[in-house]
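Undergrad: As a plain string of letters, each chain reads:
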Amino acid sequence: GEEASSQQADTGSAFEGLPKIGGLDYSVEGKVFKMTLNRPKKFNALTLEMYKGIQASLKFAQNNDKITIAALTGTGNYYCSGNDLSNFAAAATKGPAEVKVMAEEAKNIMKEYVQGYIDFDKPLVALINGPAIGISVTVLGLFDAVYASNKATFQTPFAQVGQSPEGVSAYTFPLLMGPLKAAEVLLFGRKLTATEAKECGLVNEVFNEADFVQQTTDLLAKYSLLPPQSMRESKRLLRKIHKDSLYKVNEVSLEYRFA
Amino acid sequence: GEEASSQQADTGSAFEGLPKIGGLDYSVEGKVFKMTLNRPKKFNALTLEMYKGIQASLKFAQNNDKITIAALTGTGNYYCSGNDLSNFAAAATKGPAEVKVMAEEAKNIMKEYVQGYIDFDKPLVALINGPAIGISVTVLGLFDAVYASNKATFQTPFAQVGQSPEGVSAYTFPLLMGPLKAAEVLLFGRKLTATEAKECGLVNEVFNEADFVQQTTDLLAKYSLLPPQSMRESKRLLRKIHKDSLYKVNEVSLEYRFA
Amino acid sequence: GEEASSQQADTGSAFEGLPKIGGLDYSVEGKVFKMTLNRPKKFNALTLEMYKGIQASLKFAQNNDKITIAALTGTGNYYCSGNDLSNFAAAATKGPAEVKVMAEEAKNIMKEYVQGYIDFDKPLVALINGPAIGISVTVLGLFDAVYASNKATFQTPFAQVGQSPEGVSAYTFPLLMGPLKAAEVLLFGRKLTATEAKECGLVNEVFNEADFVQQTTDLLAKYSLLPPQSMRESKRLLRKIHKDSLYKVNEVSLEYRFA
Numbered sequence: 099g100e101e102a103s104s105q106q107a108d109t110g111s112a113f114e115g116l117p118k119i120g121g122l123d124y125s126v127e128g129k130v131f132k133m134t135l136n137r138p139k140k141f142n143a144l145t146l147e148m149y150k151g152i153q154a155s156l157k158f159a160q161n162n163d164k165i166t167i168a169a170l171t172g173t174g175n176y177y178c179s180g181n182d183l184s185n186f187a188a189a190a191t192k193g194p195a196e197v198k199v200m201a202e203e204a205k206n207i208m209k210e211y212v213q214g215y216i217d218f219d220k221p222l223v224a225l226i227n228g229p230a231i232g233i234s235v236t237v238l239g240l241f242d243a244v245y246a247s248n249k250a251t252f253q254t255p256f257a258q259v260g261q262s263p264e265g266v267s268a269y270t271f272p273l274l275m276g277p278l279k280a281a282e283v284l285l286f287g288r289k290l291t292a293t294e295a296k297e298c299g300l301v302n303e304v305f306n307e308a309d310f311v312q313q314t315t316d317l318l319a320k321y322s323l324l325p326p327q328s329m330r331e332s333k334r335l336l337r338k339i340h341k342d343s344l345y346k347v348n349e350v351s352l353e354y355r356f357a
Numbered sequence: 099g100e101e102a103s104s105q106q107a108d109t110g111s112a113f114e115g116l117p118k119i120g121g122l123d124y125s126v127e128g129k130v131f132k133m134t135l136n137r138p139k140k141f142n143a144l145t146l147e148m149y150k151g152i153q154a155s156l157k158f159a160q161n162n163d164k165i166t167i168a169a170l171t172g173t174g175n176y177y178c179s180g181n182d183l184s185n186f187a188a189a190a191t192k193g194p195a196e197v198k199v200m201a202e203e204a205k206n207i208m209k210e211y212v213q214g215y216i217d218f219d220k221p222l223v224a225l226i227n228g229p230a231i232g233i234s235v236t237v238l239g240l241f242d243a244v245y246a247s248n249k250a251t252f253q254t255p256f257a258q259v260g261q262s263p264e265g266v267s268a269y270t271f272p273l274l275m276g277p278l279k280a281a282e283v284l285l286f287g288r289k290l291t292a293t294e295a296k297e298c299g300l301v302n303e304v305f306n307e308a309d310f311v312q313q314t315t316d317l318l319a320k321y322s323l324l325p326p327q328s329m330r331e332s333k334r335l336l337r338k339i340h341k342d343s344l345y346k347v348n349e350v351s352l353e354y355r356f357a
Numbered sequence: 099g100e101e102a103s104s105q106q107a108d109t110g111s112a113f114e115g116l117p118k119i120g121g122l123d124y125s126v127e128g129k130v131f132k133m134t135l136n137r138p139k140k141f142n143a144l145t146l147e148m149y150k151g152i153q154a155s156l157k158f159a160q161n162n163d164k165i166t167i168a169a170l171t172g173t174g175n176y177y178c179s180g181n182d183l184s185n186f187a188a189a190a191t192k193g194p195a196e197v198k199v200m201a202e203e204a205k206n207i208m209k210e211y212v213q214g215y216i217d218f219d220k221p222l223v224a225l226i227n228g229p230a231i232g233i234s235v236t237v238l239g240l241f242d243a244v245y246a247s248n249k250a251t252f253q254t255p256f257a258q259v260g261q262s263p264e265g266v267s268a269y270t271f272p273l274l275m276g277p278l279k280a281a282e283v284l285l286f287g288r289k290l291t292a293t294e295a296k297e298c299g300l301v302n303e304v305f306n307e308a309d310f311v312q313q314t315t316d317l318l319a320k321y322s323l324l325p326p327q328s329m330r331e332s333k334r335l336l337r338k339i340h341k342d343s344l345y346k347v348n349e350v351s352l353e354y355r356f357a
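Heads up: the sequence lines are chains A, B and C, in that order. Quick note, in the UniProt record's numbering, the first sequence goes up one by one and the last residue is 357. Quick note, in the UniProt record's numbering, the second sequence goes up one by one and the last residue is 357. Quick note, in the UniProt record's numbering, the third sequence goes up one by one and the last residue is 357.
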């Protein structure tokens, strides 16, 4: 198959040091490191383990000289349905003190998850194969390119569930799409089609579903052969300008979220 | 009629504490507070009283727990033709000392007017029913959504009248539409159609004139039922990132304007 | 001809104080000062002399009260192919100490070149007649309008040649086109057509090749008659907000570039 060295096929060498996480697959194709969310029955919702797994994967990709570019995609019809609600379900049976500890832990995991994207200094591409919801959308401003299938949609229904935006979207979305579109999306939870997301800067290119995997695989392969040190320096320079603000907004967003 | 509790119909309860201002009507529909510029013969130009009235209205909406969202629109063919030139006409018959006092007063009213938008922390929507000019355009970057009729146009002819941009547009327009489009609009006074304004991020959605009122009324009603505290927290988070800069640019812009 | 007072025709008065530079022509049409890159055999690549010449031209335009607006365009099929590679060819025959001195000199010339754009406070328009590459693209975020022929393309192939972005594009491109499109363009060197460049805010308007010169000449003539002091104040206000950051990013970018 195309995934010549998937996690299942090769656990000894290519992925040494990477944890085995339920719902998260790894593959290396040439110099491209690809993470695939693989919980299709749960629409690829993110468990606390998966947050930590993706963060560890980014560190792995950063420190592995054979990898020049990383990508994140989903299995099945969804890209990612966001935070797995069962992450907090256990809290329902606990006392207030335990709930507070659990909330603090969730907050820290989310903070470090987003920080992982801020700190990652190799090119990072999102391949949005289907609907993307919540935190899987809000972190997209920290990627270097977002390619979407025409089946993709984007929604951040924070207001609908009584929350405030995370993933430093409060910072990146006004830069991506301007303050007015950002407010409509983040305050009112307006859902965007792939084409609308492209029009407002959240998506670089939309591909037909039938061509999506092949076209994006070709693009990643092409990019992966560019001089890695040059891509890295360019990304560091672009990130440097916003890095302190991103750290700060990440902290503040989570204070609002877990207030 | 639709305006079940317009200023005229109900002055005792729903609008308690709100001043009666010529050219500015209020209505409450459900949880939506709507301000309507009503000087059609003057193309809804803003008098000094109207600036103060809108500012007071925003405070009213902010402090009224039954209101979850606010909107501003215009009566007749125009949305708003900008600053009423008669605001400064009286100065023609005065001596230099009196003119200086009048200019200082106008500057303060404009400063507090813009600050009112910066400080307003509930969602605020502009419903642009027709041509919008000058300060009615420049403050739009402080709204959370701008919906326009296809009859709307947008113009900031500062250069043409020997002025510099106010309404913190020097800050918000480069974020909304990028520095190049912002310079073309603010330096050269280029007029935008509703569609062009949408393409460059100044408008979220364009509706046909015939459907405009109904469609936007429906949207506002829908948004007004979202959890108010969540929308407010989200807006505070988005605004917090830019608030100090907005205050500062508001001051600096008026120094340039009244130099 | 249209260039009523080209460099060749009138060296005594209109262009007093301007150096004669190979590959760079000047003209004044009404109140419009136009610089034309004129090395069509080299695709208008920029020599070190041309960098200094453009910088001197901007100072000339800034200090000449008869000029209200400036423009930059190219002769022939290309707008500009970027930095002339022969600028560094001489280094191939030198020892390490001399190479270091030459690199330092090139770095300073480039730094002051970009600073010249940051400091220029009259309106500046780019007329992109054909392909634009490298530093001729990265500085465009410092112009006030960019008009392109449908034959224009835009490319910043830094990764391809092992470099990092200059011209403060690391700062201006995320503002112009959002962080995702900016990363795709600056990290992966993605080439944009004129229409794509318009869609992402790098170009204000695309004209058919046949109409390009006439239409842009008419626009510049129209803009040049606006009150010059008002345009200048507006530009100063817009630039003031970003000026310190632009200076800093210019320095940092060149440290990355010449590391």
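FYI, nobody ran anything at the bench for these hints, they're computed from the structure. Be aware that one or more of the hints could be misleading.
No distinction is drawn between identical chains; accordingly, a pair holds when it is met within one copy or between any pair of copies.
Stated by the list, open to error - Calculated pairs, SDA-like style, for lysine to any residue (alpha carbon to alpha carbon, straight line, at most 25 Å): (1) K157 to T134; (2) K346 to G174; (3) K341 to N306; (4) K289 to P325.
In this text the structure is predicted, and so the values were computed from the model without any measurement.
Undergrad: Kindly indicate which numbered hints from before are broken by the structure, ordering the numbers from low to high.
TA: Going through the list in order, the structure violates hints 2 and 3 and respects the others.
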